[in-house]
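Each protein sequence line maps, in turn, to chains A and B.
Just so you know, we're using this note's numbering here: the first sequence kicks off at 12 and counts up by one.
Just so you know, we're using this note's numbering here: the second sequence kicks off at -16 and counts up by one.
Source of the hints: derived by calculation from the structure; they are not laboratory data.
A couple of the hints might just be wrong.
Okay, derived cross-link-like pairs now, BS3-like style, lysine-lysine, Cα gap no bigger than 30 Å in a straight line [said to hold, decoys possible]: (1) B:K320 to A:K307; (2) A:K341 to B:K(-15); (3) A:K84 to B:K(-15); (4) B:K320 to B:K(-12).
For clarity, every value in this text was computed on a predicted model and none was experimentally measured.
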Amino acid sequence: MKNDVMGIVYTSKDDLNLRELTSQRAVAAIPVAGRYRLIDFTLSNMVNSGIHNVGIIAQKNYSSLMDHLGSGKDWDLHTRNNGLFILPPFMTRDNSGEYNGLLDALRSNFDYLRRSKQDFVILTDSDYIMTTSFEPMIDQHIKSRADITMMYKKVTPEITEFSSSSKNNHVYMDIDSDNAVTNLEINPNAASFGNLFLSVMMVKRTLLIYLVDQALSRGSHDMYADVLLPAIQAGSLKIMGYEEESYYRRVETIRGYFNLSLDLLKPEVRDALFGKNPVFTKTRDSVPTIYRAGAKVTNSLVADGCVIDGTVENCVLFRGVRVGKGAKLKNCVIMQDSYIEDDVELENVIFDKEVTIRSHGRLIGQSQYPIVIGKNITL
Amino acid sequence: MKSKKCIAMLLAGGQGSRLGLLTKVMAKPAVPFGGKYRIIDFPLSNCTNSNIDTVGVLTQYQPLELNSYIGSGQPWDLDLSYGGVYVLPPYMTAKSGEWYSGTANAIYQNIGFIEQYDPEYVLILSGDHIYKMDYNRMLSAHIERGADITIAVRPVPWEVAPSFGIMNTDADHNIIEFEEKPKHPKSNLASMGVYIFTWKILKEYLENDNADPNSKNDFGKNIIPKLLEDKKSMLAYEFADYWKDVGTIASLWEANMDLLEENPEFDLTDPRWKIYSRSPVMPPQFLGAKAVVENSMLTEGCEVYGTARHSVLFEGVIVEEGAVVENSVIMPGTRIKSGAVVNRTIVAENCVINANARVGEAEGDIALIGQATIMPEGYVVKAGEQVDMEAIKREA
């Protein structure tokens, strides 16, 4: 039964609020938690749920994503009949080369959808971090004979700390006592429903093809407003909710990314993300991290390949970071191969990959507004 | 198919009995080293980095751990459709079947494997040493000289020379004499157990050796002396870089500690000569609010809430708050509980050192704790002692 589900990961979203972090990469490819990219969590969830056919709909800046995913072998997605399929946009007579939303992206990949053999599709975004198994949702979907099952989580302030300028689909669901979805709110300023849609849904593959085709042929472009909401209102589809209780954070803003990174220092959060199932990522063959004689590292998450001489407190250090003698880092997220020279002082700072800060440099951000330094910059 | 110029055969069947409890449940090449590696990663990575893409790994003793570690060979880029890495245990044929009776016999029994690739040269390796070596340069020397066999040699301190196979050479690096563990060595050039043979010659000698009922079927004892006797062209290839035999508890501990030097003689970080290993799929290491980690090497999945000084911690090792680990090597999955003190000890995989245990001493020999030992609270292990679950049960 598990082999009867395929996955489609939609990687393209509004990303202006992530500033430097997405200037050269898709949101799905944002480095997170020391050695991962956001998409690793979604892909690992799929693989750990027995899903072995996964299509990645890539749109903008997908070269870093392709480089990261490769053949899919790090996720065991390089099998003969299924595996990983990267679906970049391409120009056709009715496609200008850029997807105009999820429906358009799915329409452009009908060939892949039709060719796939699985009965069901799990369709998900990739701008969030969560470790879960999709198996209970798959079971519920099949048992309840739903047409569509939408994954949701009860709203709490932490998971809905979105930016007001964000145009992302913030969908809230109203659900009755039988778990049936009775109404949706799409991008409300103030939500009145207490269930946040986690951008994960399950649907029969042939029904998905039909719905997408119908919507686009009527000039509709929004999956939620033009397909799901009318169907709920007309009662034409059986749409169910599935409550997910796992830790979930969507990455939409720099502040959200920073808060999530510091959240990883809590044991219960690490346990929620890494304690259930393995999270796979591209291996890099880094050497172990070396802590030198004067190093003082506390309450920090550190990846392999670092060399640390200085003081590091409440930080996330990615692979290959070097922290010089006398350097002091507090509440920082330092990405791969960045070099903090001697006697540098950093607080509330995010460094993208390969940033170098020369000795005696000093950067102090605010916890509500961390300083972000883009990739490959030398200060 | 196109024939391979040179393929490697890695002798991984040795028991490694001088490593005591450590090799009770696994072959020596599978022993963890350097935070995230196994001993076999070094010869395998050397092969990959030397563009030798076909490796037969000859196993016999406790092969399970090694088999699953090597798997498809993907971490070393040795998962190829023509070539790649193959684990070669002894096997049965219609008429007979036997264990590998010696190093030469192990190769003899796999002549069929080697001939599939129709190689000109065969590189023989052992899985006992930590070193980075470009086998291609050795192969070039072998070809240039038109040698029948080239043996990698390394100068060792005179006082330890009696424990090695010693090569006596002439001015042109021709080997003129070979002495296995001589009492009074004439040279300090020790064999590294790395040989390149011209395959035609090796095959002939293996077949003759097999036909000789008095032979021990061993490279050092039989094949090499026979080649000398026949005055074959035998070249010594001198290798001067870091090379460490990790065949004893003390040398294994020392080689791990060598990595903690400020400018280590053996540098794992050289991007041009990466050492590859199978990734454990674990989150980054975490250091707690009260952690003290100095002069140490940690890897993925480690969690330190207590103190780790001058130590090497492998994946998934947990040092609880109030626990102290010093001058030690802690292998994967081991947990050091609050109040325990570990000094100058190698702790093997998946042990639990319970509260207030005192393991090892600041002076004296290195202590060893065997795989999956659950050490009772307050248990004391003296310097140089070897303890495992059996020893603890016997005592209780």
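Now for the hints, and whether the structure bears them out:
no.: 1; hint: B:K320 to A:K307; in the structure: 22 Å, holds
no.: 2; hint: A:K341 to B:K(-15); in the structure: 58 Å, violated
no.: 3; hint: A:K84 to B:K(-15); in the structure: 27 Å, holds
no.: 4; hint: B:K320 to B:K(-12); in the structure: 53 Å, violated
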